[in-house]
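Novice: So the chains spell out like this:
There are 2 protein chains.
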Amino acid sequence: MKIGKQTFLFNNVYLQTGASVVGTKEGEGPLKDYFDLILKDDKWCEDSFEKAERKMFKEALELAKNKANLTNEQVDMIFGGDLLNQIISASFASREMDTVFFGLYGACSTICESILLASCMVDGGFANNVLCAASSHFSSAERQYRFPLEYGSSPTPTSQWTVTGAGASVISDKPSNIKIVAGTAGKIIDLGIKDANNMGAAMAPAAADTISTFLRETDTQPEDYDLILTGDLGLFGKELMIKLMADKGYDISSVYNDCGCMIFYKDQTAPMGASGCGCAATVFNGAVRQDMEDNKVKNVLLAATGAMLSPVSSFQGESIPGISYAINFRRV
Amino acid sequence: MKIGKQTFLFNNVYLQTGASVVGTKEGEGPLKDYFDLILKDDKWCEDSFEKAERKMFKEALELAKNKANLTNEQVDMIFGGDLLNQIISASFASREMDTVFFGLYGACSTICESILLASCMVDGGFANNVLCAASSHFSSAERQYRFPLEYGSSPTPTSQWTVTGAGASVISDKPSNIKIVAGTAGKIIDLGIKDANNMGAAMAPAAADTISTFLRETDTQPEDYDLILTGDLGLFGKELMIKLMADKGYDISSVYNDCGCMIFYKDQTAPMGASGCGCAATVFNGAVRQDMEDNKVKNVLLAATGAMLSPVSSFQGESIPGISYAINFRRV
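Going down the list, the protein sequences come from chains G and Y.
The first sequence maps to residues 778 to 1109 in my numbering.
The second sequence maps to residues 778 to 1109 in my numbering.
Hints listed in this document are in silico derivations from the structure and should not be mistaken for laboratory results.
Fair warning: there could be bad hints in the mix.
Copies of the same chain are indistinguishable here, so a pair counts whether it falls within one copy or spans any two.
Unchecked claim - With a cut-off of at most 35 Å between alpha-carbon atoms, the simulated DSBU-like pairs for lysine-lysine come out as follows: (1) Lys951 to Lys1043; (2) Lys951 to Lys779; (3) Lys817 to Lys779; (4) Lys782 to Lys956.
On a predicted model such as this, the values are computed, not experimentally measured, just so you know.
Same shape as in the complex, but just chain G (with noise of 0.2 Å):
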């Protein structure tokens, strides 16, 4: 059900459960016994970074339908998307699961994209368990919209480090003990910011657009929430996004955090935090998919944010838009 401009309400779907794969660096931070697998070399025995994102994103899926208990031909429909150009993680890993699959692109929204969507089809009759998944790989990243590795250039003051890792999400209306109660679609929030280095400050007004949309038309508060988690503004992003939505006349200070915050600890060469459409997929799906389980955290919205940028955008002269997506979870 619609309420309001941009928000769905839920009547009937469910989180069975999710799975999150993760590269040796993520797996050496503080979320690392959160994780379903962590990885001991970041190739992960194939020939290029690229087939060994695209094997995270296949065994993420494979993780999250074998914990859901469900057979691939339960499986009624793949929503996922990855970093690399022409989503090929995503579409090249779900060739062999023989399952409808939707490609989405909303960068480092992802998987908020895909959970909302995929909450849409179980709510509208059309699907009963659905797979979510994203992913990404710092070295293909950095290969795509950087320099490759070798070339060993710095990284600028500001800028996030992609995280290696890949999570699914089964979303499904069969009664389990999360229930995914609403969710906001984002708009392309654009306010003219051309730093490729600074993801945070591009995407941070995005996720402060979804947000205040969400809590206004629900009708809540940032109190009535145990965690306000944003995707991957990093450190500089999310003392914006904290200034912005003051500005907006909510205070989330005291519920808020950033899965790419969270990822790492201070001293992995990260001084801005962490970002990737793999960030928000394997905090959630591992850590805080974990603590709602255990009771520890019991309403929490999940707000991924993606930057709708390319490099030949950057080269033109653009500057950055953002989008954001929000998902209500709620421990029953």
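With chain G held as given, fit chain Y onto it using these hints.
Specialist: Structure of chain Y alone, referenced to chain G:
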């Protein structure tokens, strides 16, 4: 409502209208009288082909919205995508619409992927009016997938010509004279074809899989349709498609055509016909929709087809996965 494994029936979904913007070459082809806008110059006063593509996308959205007499406020959401990396045509064009945006990547199947998801959103009660759009541009696609035009490289005998064009559809719950009756979502199908200059052969198996699934799950036969239309298989792919369907027990030859074989005259330097996201998007929204309005064809099955490759996947020796989504439009 879901019937079978991949097919949905819709109760109350209509195609309100559609719009098309095409380049100069397309505007000299056999369908020229159907298009809403024909560019006089493929750069359209912009300083890059990418920006011209984006402008076409935006114009197609605006034209479709205006033809349907909708304000921005009345448009609930946009589903869109294109061939450029990170779908910059769709996302940048949607910036100023101030509307919910869902970015898709289905390669040249995108217009059908978007109409199928939009139909689910409308039928499920999550939206009243949805804009669906897709675009491609010969010159931006050549630069990204093959070589910049300035290199003067020659096409191979089996290659197709990427359509310069953008098409948009308005999907709505308000009754019109074209009803969207049903749709079938596709699986990723990969028979191991590796020649990136022979997309028709790579995509035909996906089209055959989706169309035969549609016919089986709706319990209909090819002769029940006035027109079965694939997206951009081209001349070689069209022949292959007829054979693949015959292998599955369906003779489609008398009702079958391919948008990629319709948009150019044979002497327009595109021996194998056309391809690109803009191909099915403009041929359907321009010509086929108009013929339905004029009651010349009543029952149409449109199955746009996408090749989910990237230059990187081809360089790394991968085959080309294809996908196709089918939509059944009926004149009422």
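Novice: Are there hints from earlier that the structure breaks, and if so, what are their numbers?
Specialist: Structure breaks hints 1 and 3.
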